[in-house]
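These protein sequence lines are chains A and B, in that order. The numbering of the first sequence is the working numbering, which starts it at 1 and goes up by one. The numbering of the second sequence is the working numbering, which starts it at 1 and goes up by one.
All the given hints hold, so there is nothing to weed out.
Example chain A residues on the side facing chain B (calculated, C-beta under 8 Å, incomplete):
| id | residue |
| --- | --- |
| 1 | M1 |
| 2 | M5 |
| 3 | L46 |
| 4 | R153 |
Please keep in mind that the hints were generated in silico from the structure rather than gathered at the bench. Keep in mind it's a predicted model, so treat the numbers as computed, not measured. The beta-carbon is built from N, C-alpha and C at its ideal position, and this holds for glycine as well.
There are 2 protein chains.
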Amino acid sequence: MTISMYQVSVPVFVNSLKNLSAILHKAVAHAEQKKIDPSVLIGMRLVPDMLPLSRQIQLASDNSKGPAARLAGVERPVFEDTETTFDELQSRIAKTIAFLESIDAAKIDGSEERAITLHIGDKDMHFRGQPYLLHFALPNFFFHVTTAYAILRHAGVGIGKLDFLGSFPTE
Amino acid sequence: MTISMYQVSVPVFVNSLKNLSAILHKAVAHAEQKKIDPSVLIGMRLVPDMLPLSRQIQLASDNSKGPAARLAGVERPVFEDTETTFDELQSRIAKTIAFLESIDAAKIDGSEERAITLHIGDKDMHFRGQPYLLHFALPNFFFHVTTAYAILRHAGVGIGKLDFLGSFPTE
Numbered sequence: 001m002t003i004s005m006y007q008v009s010v011p012v013f014v015n016s017l018k019n020l021s022a023i024l025h026k027a028v029a030h031a032e033q034k035k036i037d038p039s040v041l042i043g044m045r046l047v048p049d050m051l052p053l054s055r056q057i058q059l060a061s062d063n064s065k066g067p068a069a070r071l072a073g074v075e076r077p078v079f080e081d082t083e084t085t086f087d088e089l090q091s092r093i094a095k096t097i098a099f100l101e102s103i104d105a106a107k108i109d110g111s112e113e114r115a116i117t118l119h120i121g122d123k124d125m126h127f128r129g130q131p132y133l134l135h136f137a138l139p140n141f142f143f144h145v146t147t148a149y150a151i152l153r154h155a156g157v158g159i160g161k162l163d164f165l166g167s168f169p170t171e
Numbered sequence: 001m002t003i004s005m006y007q008v009s010v011p012v013f014v015n016s017l018k019n020l021s022a023i024l025h026k027a028v029a030h031a032e033q034k035k036i037d038p039s040v041l042i043g044m045r046l047v048p049d050m051l052p053l054s055r056q057i058q059l060a061s062d063n064s065k066g067p068a069a070r071l072a073g074v075e076r077p078v079f080e081d082t083e084t085t086f087d088e089l090q091s092r093i094a095k096t097i098a099f100l101e102s103i104d105a106a107k108i109d110g111s112e113e114r115a116i117t118l119h120i121g122d123k124d125m126h127f128r129g130q131p132y133l134l135h136f137a138l139p140n141f142f143f144h145v146t147t148a149y150a151i152l153r154h155a156g157v158g159i160g161k162l163d164f165l166g167s168f169p170t171e
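Chain A on its own, in the form it takes in the complex:
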């Protein structure tokens, strides 16, 4: 095997989104057991001016489908950020994984030098594919997955580091 732009993007995102999905299933079970309204968990924040769980998951979706689409040079699906239940959040994750898995690896491989422009606020940010993936997209993605984990951990859901790492390929 040889490392490639595809290997460092799609399979990394997909693995972590699957782990996030399993963590959300544990959150639902916790809410049922403790008779917590699931919407309480979905609206929880670590800090009042940080985003709630629902947004962390939407941003984990955006920060995987967006980078993969930009690196592949294909249009990215736009999801409307309307999810308010765990079922809807699971569906959002599933749609994101389905899109990621639909991308032809050959379109992402070789994208190291691809010019990528992000419009953030009223500014354009210009990247090349490789630094965009390694120093912007991946940290951003893991930021939101970890923060979603931390919100649920803070809420008392019985999850640990192994849920975050999930089932990873070893050999």
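Given chain A's structure and the hints, the job is docking chain B onto it.
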């Protein structure tokens, strides 16, 4: 440029550790301004049974120097986890960066298939280099950097996503 095992490890770790160092400087300034004993921040946890800030930083160090050394096939420095002040934590980060930057890129490049064994508890886990880096080491590393950020954010330190992302290479 062509993506490689080195590019996906050492520069990613170093960038993020530098951002973490800058975040800790902001934490010290916050403690001074608010007359908070810095050791209170260093001992803070998101949840009583999660590790405190000091351990998150030691683990960000371990989860970067360890993977880089294993992929390179060189001995990794052992640090004793005795840091109790922000100066000592900064020094830990600096030592980690110095070690990472001392590794010859050619030793890590080509390590996709390298056999890597981790001893965790009383178990051995066997990996190949590429899945170890992508699906174990990187998620673990970002988990601890993000959790350190979240602890300080929770403590009221004035940091935002741009501090987490830091100064990243664009073009």
